Amino acid sequence: GAGVSQSPSNKVTEKGKDVELRCDPISGHTALYWYRQRLGQGLEFLIYFQGNSAPDKSGLPSDRFSAERTGESVSTLTIQRTQQEDSAVYLCASSFTGEWETQYFGPGTRLLVL
Amino acid sequence: AQSVAQPEDQVNVAEGNPLTVKCTYSVSGNPYLFWYVQYPNRGLQFLLKYITGDNLVKGSYGFEAEFNKSQTSFHLKKPSALVSDSALYFCAVRNQAGTALIFGKGTTLSVSS
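Keeping their order, the protein sequence lines are chains A and B. Position 15 of the first sequence, counted from 1, bears residue number 15 in the numbering used here, the numbering being contiguous throughout. Position 46 of the second sequence, counted from 1, bears residue number 46 in the numbering used here, the numbering being contiguous throughout.
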């Protein structure tokens, strides 16, 4: 079946502009996660959605970052007033509910802030 | 605090030889441990996980990992390496809240022919 998809695959923007990244999870997966991967580093957790529960936003680095998800479908990650340090690959993952469930990752969006 | 350590930035092995990629963790309670692989310009692919039960976990592409509670380790192994195994490998542990994975910094595996 179809995996997690993300768009755009690449995004180049100017410092100070807003960007919106999109994630389509695997059908039937109730949990959705956003991570950031800076060059040469591991993944940093950003935000977690589970069904209609309040999201875990504890990983968002600043109030310039926000994310939304409607039900168990598409999610968008928005970065306002982008800074050069926001340049990274943004990865989305989804899973069935449950702490032990495997997270399946999308191909990521590579963001470059000039 | 929960954390994952991958002490080696790079592991080099000759094709056909056994390989080990090391991982240690620090977490309260029972750990849920994962290994992922990342090929260039691609997302992460799941290899295997330990939740409970047998300490030796078998996964995709002939990889296996051994959970050692006393040493708080979860090393990734393969009996015979292939050139195509060359990639970036990440160890991860589920956070205490159950809302995210905590990743190590990754280990680059290079298999030479």
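These aren't lab readings, by the way, just hints derived from the structure by calculation. Among the clues, some could well be false.
Facing chain A, a subset of chain B residues (Cβ under 10 Å, in silico) [unchecked claim]: (1) Pro18; (2) Ala100; (3) Ser113.
With a straight-line Cα cutoff of 30 Å, these simulated BS3-like cross-link-like pairs (lysine-lysine) come out [what the hints assert, rightly or not]: (4) Lys22(B) <-> Lys69(B); (5) Lys22(B) <-> Lys77(B); (6) Lys15(A) <-> Lys105(B); (7) Lys49(B) <-> Lys105(B); (8) Lys49(B) <-> Lys57(A); (9) Lys57(A) <-> Lys105(B); (10) Lys11(A) <-> Lys69(B).
Chain A residues, not near chain B, derived (Cβ > 12 Å throughout) [unchecked claim]: (11) Thr13; (12) Val19; (13) Arg22; (14) Gly28; (15) Gly40; (16) Ser58; (17) Asp63; (18) Phe65; (19) Leu91; (20) Glu101; (21) Thr102; (22) Arg110; (23) Leu112.
Please read all numbers here as calculations on a predicted model, not as lab measurements. Heads up, the beta-carbon is just placed ideally off N, CA and C, and yes, glycines get one too.
Practice task
Please name the hints from earlier in the document that this structure breaks, with their numbers sorted from lowest to highest.
Solution key: Result: hints 1, 3, 10, 15, 16, 19, 20, 21, 22 break, sorted rising.
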